[in-house]
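Starting from the known structure of chain A, fit chain B onto it as the hints suggest.
Below are the chains, spelled out letter by letter.
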Amino acid sequence: MTIRAAGHEPPRVALLRSMLRLRCFEEAIAERYPEQKMRCPVHLSVGQEAVSAAVGLALEPGDLAVSGHRAHTHYLAKGGSMPRLLAEIYGKRTGCSRGKGGSMHLIDETVGFKGSTAIVAGTIPVGTGLGLSLSLRNTKQVACVFFGDAAVEEGVFFEAVNFAAVRRLPVLYVCENNFYSVYSPLRVRQPEGRQIHEMVSGLGVRAMHGDGNDPELVYRTTVDALDSIRSGSGPAFVEFTTYRYREHCGPNFDNDIGYRTEAEFLRWRAADPVEAYERRLLDLGTVTSEAVRDMRAEIAAEVADAFAFAEHSAFPDAAEAYCDLYAGEDGT
Amino acid sequence: MSRVRTYAEAIAEATAIAMEIDERVLCFGLGVDDPKRVFGTTAGLLERFGPARVFDMPTSEAGMTGVAIGASLDGARCLMTHQRLDFFLLALDQIVNNAAKWRYMFGGQSTPVRLVVRLILGRGWGQGPTHSQNLQSWFAHIPGLKVVMPASPADAKGLLLSALFDDNPVLYLEHRWLHQMQGDVPEGDYRVPIGKANRVADGDDLTIVTMSSMTLEALHALPCLRKAGLSADVIDLRTVRPLDWETVLGSIRKTGRLLAVDTASPTCSVAAEIVATAASECFDRLKAPPRRLAMPDFPVPTSPALTANFYPRAEHIAAAAASMLGRTIDVEDIVASRTSPHDVPGEWFKGPF
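Chains as they are written, first to last, in our numbering: chain A, 1 to 332; chain B, 333 to 685.
To be clear, the hints were calculated from the coordinates, so they are not data collected in a lab.
Heads up, the beta-carbon is just placed ideally off N, CA and C, and yes, glycines get one too.
Any given hint might turn out to be false.
[To be verified] Simulated coverage check for chain A against chain B, where a stretch passes if three residues somewhere in it have a Cβ under 8 angstroms from a Cβ of chain B:
1. 131-143
2. 157-167
3. 266-274
4. 312-326
[Unchecked claim] Just a sample of chain A residues kept apart from chain B, beta carbon distances all over 12 angstroms, derived:
5. 14
6. 61
7. 182
8. 233
9. 279
10. 289
11. 294
12. 307
For reference, chain A alone in the conformation it holds in the complex (with noise of 0.2 angstroms):
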């Protein structure tokens, strides 16, 4: 299906500051890690920052939001804490999730972030259900489920997906395309030629793709997927291609290890989508280049913020291994 003509325009400026942000916070990660302080598995979004700055941006802040393993940028992107979330990596009180859950399991239901998890598309039916509830309720809200390429191989992804469309929930599938699971490539996962997309649109959802790293594609094209969503029409998915630059699970590079090319990564890399929009909003004199300084100043303060945050919170007391159990009762 082609994409509507724009009816939004991208509020570009925000665009730009929040995909500064999201790759600011990422590389300060893979910085900080070897000092062995984070101590929990991370999955960087660095290269991919152009389709959580523009899903975040798209949806409404009462909007819902679930995600899996890959998650931190999502997490910030609709409104999620940044000094709690770095806590959380880093294993503390403070932490969004108490200690309990690592990078991989995020929540903020003050901001609609409803939780993110480590098993490939187990939020996908979860997020499905939200839309489930939010029908039945007659709200005009929409629940984003953010995956990856891999999660659509999934049996929950059919089963999920079918029954969005069989009862027109107000669902957004938000699938990033990185043409990798950890080191699978796509042609031993999917068949030559498939468009995931295309796929879904067989299944009966309306399907729309484009280039993640094209931040107002993305944002048009989520904001498009948002209106007929929210007119009645039933779920959308959304697939965008992108590019992780950084190993699957950890702060390296990882391109001489055999399972893609450094010339690959490169050819991704010289079209870097955080450095791109910058260049053209400054072609564009959309922003000048004081701006872009003084935005780029402000969001290293916030993360360094954060780290600090983190870095001076206290650790759970071990005894609270021990609670949160269950509802009710002593919670054990």
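Chain B only, in chain A's frame:
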């Protein structure tokens, strides 16, 4: 006020009362609104509460369990039904990785997962390898889940209402052989607390711990034991997680003997857990080695010729109990009193499932 109701009617009644009390209660599963209404357990719900709250679903056990979890995170209370437990195995990822963990892994800061999953346990009538599994110990093994197994119509109602208003995921295992069982069922919003066992018989010589349909088998064994001058405490667990250790161990300390009867196979079973805990917590009070009485450690075969002696029944309980007291007793009365074939719960059951 109590009235006589069947176990199946009690389930339908509890569901209706919960849906009346809280309009966010949803009831869905394959066949909940079909002509047979899941053996009558969902009778009347569609007519009373409409298709928005009572609905059939795609044949997607895993996905729909996740949907139920998601709906509950937006404030719904979901009751899902499966015609056999075995189909629910497709949903283990959602129940174990999501429902059971959601509260804990987010540090207690999420909306509660208010989800009850009804799982029907098959037995006899050629249910065979994949329609008659009793996997309560799998679920009981998972921190974050609650697991109930009502044995009477009153408990079927009271535990379902408690489960539906619990703020945690609850697996509700109901035995197909109990659906037509009649009993007194209190009117109204009657709740049986989760985690409390029920002493259904008092005795001195041994403790028989049971669950679900094995509670009836144990009660049928008692007259035979009584005839031999023996008496038993029969503890119907009702809930297998959290397990009511106070009642179970209290009884074992009183009698000094434990026969743990299970509807499942013995290895790593609930009965095994009870024997282990009895051995470690009240070893000095035991007068005989504690014993399990469970299904064979095999899949369940289909042919009636293969199942004739496969399931433990009242006579096996009576014989095992007597042998723990150094006695052999005549169980012929029990066998002779049975008028229906071994593979059906009673003459009322004519198949097909």
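Status of the hints after comparison with the structure:
1. 131-143: Contact hint for the stretch 131-143 of chain A vs chain B: holds, 7 residues under 8 angstroms.
2. 157-167: Since 6 is at least three, the answer is holds.
3. 266-274: violated (count 0)
4. 312-326: holds (count 4)
5. 14: It holds; residue 14(A) is separated from chain B by about 28 angstroms at its closest Cβ, greater than 12 angstroms.
6. 61: holds (16 angstroms)
7. 182: holds (18 angstroms)
8. 233: holds (19 angstroms)
9. 279: Nearest chain B Cβ is 40 angstroms from residue 279(A), so the label holds.
10. 289: holds (42 angstroms)
11. 294: holds (35 angstroms)
12. 307: holds (21 angstroms)
In summary, the one numbered hint that this structure violates is 3.
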